[in-house]
Amino acid sequence: MPRHTDREYESELRALNDRLLKMAGRVEEMVAQAARALAERDAELARTTILLDETVNTDEVEIDEACQSILARRQPLAGDLRFIACALKMVTDLERIGDIAVNLCERAIELAREAALSPIAGLGQMAALVQEMLKDVMDAFNARAADRARAVVRRDDLVDELYHGVLRELLARMSQDASALQRGIHTLAVAKFLERLGDHATNLAEEVVFLVEGKDIRHAGKRGGPPA
Amino acid sequence: MIAAPAPRAPPTTTAADATTPVKLAVRALDAGFGATPVVRQLTLDVPERRVLAIIGPSGCGKSTLVRCLNRMHELVPGATVGGSVLLDDHDIYARDVDPVLLRRRIGMVFQKPNPFPTMSIRENVLAGLRLTGALRGGRKQPAIDGIVEQALTRAALWDEVKDRLAAAGGSLSGGQQQRLCIARALAVEPEVLLMDEPCSALDPIATARIEDLIHVLRERYTIVLVTHNMQQAARASDLTAFLLHGELIECAPTERLFTQPSDRRTEDYITGKFG
Amino acid sequence: MSARRDLWFTLLCAAALALPLGVLVFLFGDVLLLGLERLSPAFLTSYPSRHAEHAGVLPGLVGTALLGVMTAGLALPFGVGAAIYLEEYGGNRRIARAIEVNVANLAGVPSVVYGILGLAVFVKTLGLGRSLIAGAATLALLVLPIVIVSTREALRAVPMGLREAGLALGATRWQTIRRVVLPAAAPGILTGAILAISRALGETAPLIVIGAVAYITYLPDGPRAAFTALPIQIFSWVSRPQAAFAHNAAAGIVVMLLLLLLLNAAAVLVRDRFSRGGSR
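Residue numbers (our numbering), protein chains in the order written: chain A, 1 to 228; chain B, 1 to 275; chain C, 1 to 280.
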């Protein structure tokens, strides 16, 4: 891939790329720790994880500023323009993922106070799946691989399926056992948050496809899509 | 929107949306100096009342290409031209075409503002008509004044110079001089306006004025704008053609060319990954 | 260090300028002193005479003026025309190139050779005799290269963009040259022409070869008339043995110099006037 003639511009774009990857790495770490805190009922881990969100918020602001600066000073075009547009959207999704990890940790702290609920089929699988999607989408981003990003989009259907399964099981349990109501509601929220993580991973994947191919694959089918 | 089942000629050429008629059609154009080819087998459509920007690195043949469109290229000793250019479906290189008459239909504005130094603002506007003898006899003074006012108004210069039409053309600022040159070209009532890097000698404000003017002029004229400023092409044109080594690499609606060019070389050029 | 070297160089240049200028001032002062006693209105309005104190330069002055006008009338159309052809049309490049070399060489030919040419062609072959018209034709030939070269330079100084602008407006080559290029080049062409004419008026040798007569007591009444010119008059006075005529010669030189200064001043004026409104 040829480099930009202006080497400072080139390094600015590379730095932005690295920053996004680093932020994504931090967010992935938060999600992983939140999942572990939930599984192991570790309130302490949940508390330390919540503190990480500070850095992620700083990342968001700094990446936004870097994008604005490149837009103002370099007037990027074509692939570069798509990269900046993509970075601006990705940073929002990543920041939301961080927030959701915080929400998960809060629920983990609540759940740790209560007696353990017998394991719910599918919940652990959901957590593993969304983490995998997050990792894959960032790999696809780094490699500028649209096909791998598309694979992530497809996996979101599985997340939704699992979510509905978890939902049904939880509702069934709560209707049978009133004492499980409190814990059930928290767990319901956890499932909802995991499902949302899947949505954000899907957003990221769609942004990667746009970055690589210049094609907007969001809401495909509803708009008829632009001719290829 | 419309599917294009017809096989496209090798490099993407026809970018015109099917709704607008083609004003200028370049067909397999070859141009050069002596044995050196500058433009090679170039095919391109310019739709009517649209702005086509031509971009490309120095020496890619953009200026030579536009100079072939009003047969100015052949005035250079040793210049060669092959292929054809159709203006309203009629080849301007056909034997029965007088290049002098043709140039009244296809006006041109140059890189450096070049008002005639020995003439007043008014005389500059009328220069095209006077030079060609079109004003000799017949027309009354008010009619001539009307021509001057109309051309200057269309070039967005009237308000600035209406009180000093007798002043020398050279007394204007660079940007005003360029608009005077545009007025001079418009006074001949051309159908097509060729602009060869019209803003490269102007400051950003004067440039913005010209670009604003281009937006207005496109309602009446077909415009071909050569520019080495990609931002200008992005701002001012409907279609953009990218030339490299005398060949057309890509011609597409400006918005598409600058967000998702289909050719790697276009992408590299517009993002500054060159050489 | 470099500042000192700079100073030395400046001084050297000043000396190079001062020396010839000093000699010139000295010569001019000498001539002025010598000629002062003869300079009077009568000197300008009198015919030559055997008596030094009654002799004047009227026929020479009139002859020179007529020569100037006629030379200009002959040299300008041909010279400017040739320059336009070479510069604007060029035509066959090889022929143009050959003409160009010849013109450059002609400018270096000694003036007396033009005199001989004029004698052979105008005086004898064309049968014009030792007349004003033969003299003017010879001088025109002499300054033609100067006119051509200076006109070409003036044309070359007109930006290419102006020609292109004219052509792009749908004007023919000739319409563009006449309405755009020539007006823009006019000051340069005029300056060159004036300088060429002033050069012609100072010439003595070709006129002597052609046979201008020094002693004339009437004014020329037509182009075929015999004539004299200021330099001839001066030359004839200088070659007289009587000391009194030396004063006449000096006074004649002063008149001649003033005439040339006037012409050169006109050239400067023309250039200044036009370039102020034009070249911006």
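Hint data in this document are derived by calculation from the structure and do not stem from the laboratory. Bear in mind the structure is a predicted one, so any value in this text is a computation, not a measurement. The beta-carbon is built from N, C-alpha and C at its ideal position, and this holds for glycine as well. Please note: incorrect hints may appear among the correct ones.
[To be verified] Some residues of chain A that are not near chain B, with every Cβ distance over 10 Å (derived):
| hint | residue |
| --- | --- |
| 1 | Arg3 |
| 2 | Thr5 |
| 3 | Arg36 |
| 4 | Glu54 |
| 5 | Asn103 |
| 6 | Arg148 |
| 7 | Glu213 |
[Said to hold, decoys possible] Derived coverage of chain C by chain B (criterion: at least 3 residues anywhere in the stretch with Cβ under 8 Å from a Cβ of chain B; other residues may be distant):
| hint | stretch |
| --- | --- |
| 8 | 123-133 |
| 9 | 177-185 |
| 10 | 260-268 |
Now the hints, each set against the structure:
Arg3/A, annotated as away from the interface, has a beta carbon of chain B within 10 Å; the closest lies near 6 Å. The Cβ of Thr5/A sits about 5 Å from the closest Cβ of chain B, inside the 10 Å cut-off, so the non-interface label is violated. Remark: the non-interface label on Arg36/A is consistent with the geometry, its nearest Cβ contact in chain B lying 42 Å away (cut-off 10 Å). Distance to chain B confirms Glu54/A as a non-interface residue, since its nearest Cβ pair spans about 35 Å, more than 10 Å.
The non-interface label for Asn103/A is consistent with chain B: the shortest C-beta to C-beta separation is roughly 36 Å, beyond 10 Å. Look at Arg148/A: its CB is around 20 Å from the nearest CB on chain B, clear of 10 Å, so calling it non-interface holds up. Not every CB of chain B lies more than 10 Å from the CB of Glu213/A, the least distance being 8 Å, so the non-interface label is violated. Interface restraint, the stretch 123-133 of chain C with chain B: violated (0 residues with C-beta to C-beta distance below 8 Å; minimum three).
Three residues within the 8 Å Cβ limit are the bar, and the stretch 177-185 of chain C against chain B gives 4, so the coverage statement holds. For a cut-off of 8 Å, the count of residues in the stretch 260-268 of chain C with a CB near a CB of chain B stands at 0, and the three-residue condition is violated.
Hint violations for this structure: numbers 1, 2, 7, 8, 10, all remaining hints satisfied.
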